[in-house]
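K.L.:
Work out the full structure: start from the sequences and follow the hints.
There are 2 protein chains.
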Amino acid sequence: MAELSLGFVGFGEVSFCISSGLRDEGLSGICAYDVVLGSGTLYEENLRKRANEANVILCDTPEELFRSCKVIVCAVQAPYAGHAAKSALSHMSAGSLYVDVTTAAPAEKERWEKEFQARSIYFADSAMMGPLTINRHKVPMIASGCGASLWQEKMVPLGMKIDVVKGPAGDGTRIKLVRSVFMKGLGALLVETFLLAHRSGLEDVVLKSISATVDQLPFEKTISRMLGADMIHAERRAHEVAESIALMETLRLKPVMAAATKERLELSAAMGLKDELAGLAPKTIEEACSVWDRKNYR
Amino acid sequence: MAELSLGFVGFGEVSFCISSGLRDEGLSGICAYDVVLGSGTLYEENLRKRANEANVILCDTPEELFRSCKVIVCAVQAPYAGHAAKSALSHMSAGSLYVDVTTAAPAEKERWEKEFQARSIYFADSAMMGPLTINRHKVPMIASGCGASLWQEKMVPLGMKIDVVKGPAGDGTRIKLVRSVFMKGLGALLVETFLLAHRSGLEDVVLKSISATVDQLPFEKTISRMLGADMIHAERRAHEVAESIALMETLRLKPVMAAATKERLELSAAMGLKDELAGLAPKTIEEACSVWDRKNYR
Numbered sequence: 001m002a003e004l005s006l007g008f009v010g011f012g013e014v015s016f017c018i019s020s021g022l023r024d025e026g027l028s029g030i031c032a033y034d035v036v037l038g039s040g041t042l043y044e045e046n047l048r049k050r051a052n053e054a055n056v057i058l059c060d061t062p063e064e065l066f067r068s069c070k071v072i073v074c075a076v077q078a079p080y081a082g083h084a085a086k087s088a089l090s091h092m093s094a095g096s097l098y099v100d101v102t103t104a105a106p107a108e109k110e111r112w113e114k115e116f117q118a119r120s121i122y123f124a125d126s127a128m129m130g131p132l133t134i135n136r137h138k139v140p141m142i143a144s145g146c147g148a149s150l151w152q153e154k155m156v157p158l159g160m161k162i163d164v165v166k167g168p169a170g171d172g173t174r175i176k177l178v179r180s181v182f183m184k185g186l187g188a189l190l191v192e193t194f195l196l197a198h199r200s201g202l203e204d205v206v207l208k209s210i211s212a213t214v215d216q217l218p219f220e221k222t223i224s225r226m227l228g229a230d231m232i233h234a235e236r237r238a239h240e241v242a243e244s245i246a247l248m249e250t251l252r253l254k255p256v257m258a259a260a261t262k263e264r265l266e267l268s269a270a271m272g273l274k275d276e277l278a279g280l281a282p283k284t285i286e287e288a289c290s291v292w293d294r295k296n297y298r
Numbered sequence: 001m002a003e004l005s006l007g008f009v010g011f012g013e014v015s016f017c018i019s020s021g022l023r024d025e026g027l028s029g030i031c032a033y034d035v036v037l038g039s040g041t042l043y044e045e046n047l048r049k050r051a052n053e054a055n056v057i058l059c060d061t062p063e064e065l066f067r068s069c070k071v072i073v074c075a076v077q078a079p080y081a082g083h084a085a086k087s088a089l090s091h092m093s094a095g096s097l098y099v100d101v102t103t104a105a106p107a108e109k110e111r112w113e114k115e116f117q118a119r120s121i122y123f124a125d126s127a128m129m130g131p132l133t134i135n136r137h138k139v140p141m142i143a144s145g146c147g148a149s150l151w152q153e154k155m156v157p158l159g160m161k162i163d164v165v166k167g168p169a170g171d172g173t174r175i176k177l178v179r180s181v182f183m184k185g186l187g188a189l190l191v192e193t194f195l196l197a198h199r200s201g202l203e204d205v206v207l208k209s210i211s212a213t214v215d216q217l218p219f220e221k222t223i224s225r226m227l228g229a230d231m232i233h234a235e236r237r238a239h240e241v242a243e244s245i246a247l248m249e250t251l252r253l254k255p256v257m258a259a260a261t262k263e264r265l266e267l268s269a270a271m272g273l274k275d276e277l278a279g280l281a282p283k284t285i286e287e288a289c290s291v292w293d294r295k296n297y298r
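As given, the protein sequences belong to chains C and H, one line each in that order.
Numbering of the first sequence is given in this note's numbering, commencing with residue 1 and proceeding in unit increments.
Numbering of the second sequence is given in this note's numbering, commencing with residue 1 and proceeding in unit increments.
Please keep in mind that the hints were generated in silico from the structure rather than gathered at the bench.
There could be a bad hint or two in this list.
For identical chains, the list gives no copy identity; a pair is met inside one copy or between any two copies.
To be verified - DSS-like cross-link-like pairs, simulated, lysine-lysine; straight-line CA separation at most 30 Å:
no., residue 1, residue 2
1, Lys70, Lys161
2, Lys161, Lys49
3, Lys208, Lys221
4, Lys114, Lys70
5, Lys221, Lys274
6, Lys208, Lys283
7, Lys114, Lys86
8, Lys295, Lys283
9, Lys70, Lys138
10, Lys49, Lys138
11, Lys154, Lys70
12, Lys295, Lys49
13, Lys166, Lys154
14, Lys138, Lys283
15, Lys274, Lys138
16, Lys49, Lys154
17, Lys295, Lys154
18, Lys221, Lys161
19, Lys208, Lys114
20, Lys161, Lys283
21, Lys154, Lys114
22, Lys138, Lys114
P.N.:
Below, the structure written as structure tokens:
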């Protein structure tokens, strides 16, 4: 019996990657349960192969898993996370830890945490912040909720990378989702920009120009500058982006991000802040947020 | 008579800001012509006041302007740039310099350059890369075309900031328009991200997380990494952004940039590169561009 009794509810890609990584760190006795067990399907067959490969013990029922493990990681598909939590709640013992790594809705996780707390079970919402297949158990994670520190204490010695953030369960997932709007948007924006640059034969000069601008300031400063400038210059910028869109159309490129940029700038311009602020942009993120609140910006 | 005989065709905001800046640098004898002259309208009255303020001599006809100045800056509204170029072409003398700072279409500027070159007149396409009202004549500009170096040589001693880029007239404007897709998109993306972060009560942690990621690498490296990763991870990312969009909707925020991100990711995913490249992302921008060409990506 391992010192840490760890169990996975749902044994798909996430559980397989993390458990095989932890096995390589020397952790034994990892358990798992998945609804396909007993179905006699090809899914079950493949799952048993993977469990065998990762040296994971399969439990016949969820009750068996929840009763025999002090730390449960829930890695089912998001729509089934509520069902898994409810089942765990009935069978786990006080003092144990339940960690939800699904992408279930933040508000739901916040609600579940309260139910677990009411039965003295620690609950953590832990969001994965990078690709799992490459990083396996070392995928960067953030964790929030009353069980976040316990989850970090137990797993970091086994090579996991867990940052605890203050706030209720739900916040871990919320941070991931907000961050994704930016990080994935940045990727999509770069793709569209360099597709246009390339078709214009200008990728080198555009690369240097954009990089120089971004590298010029710590990004925190760029953020606060841009949030403020948007309030003053949105209308003019919307017109300028229209010219970029016209260029994309002559090259038969689809202005997806550029069209959205124009729309978002028009929404900003409609706040009418240029005149109201007399051309003086807020200098901090806090100030910008309070202007958004006052204008009920959406 | 000043050493540099400089004239503006079109005396609107652009010409006024630049000429008043150059006057403060000690340049005298600046001339200008505008179509409103002789109209007897309020526009003409205001224009004459501004010309007086900037110490600019107004010419009665375009011919007079084009014949008396060795350097002509065209700053009319974009739809009239072609007309101005044609008129200049008939009246300017060989060896003189015509600089188009309008936002007329790059392909048009490229065409005009050839006509000017055929009459031995230098032509430069010079794009403004920042706000004019604050910077006046010191607004950062890029210039391309056969007259770009001459434009730089003549004006940099007077405080102007002109970067010459290789390539025909048209490229200056193209670089500006491509750059705008990114810079204005980045602004709009930050606005939408921090609007969501703020409404989730997470602006501080999101600020730190995003800044740390962007500041971690020189931006050139981030760009090439992201262009390659897009080819492998677009499909998964589109699903992840859908979760962010769901969160925005629960907060009644409009997912403008996020919806476009999802659409662009779906276009990338439709190339089917994940399997074709066997999960191996291109490492350079050049490689990524050649994959786009092969797939005729739009």
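K.L.:
Please flag the earlier hints that this structure goes against, numbers listed from lowest up.
P.N.:
Violated: hints 12 and 17.
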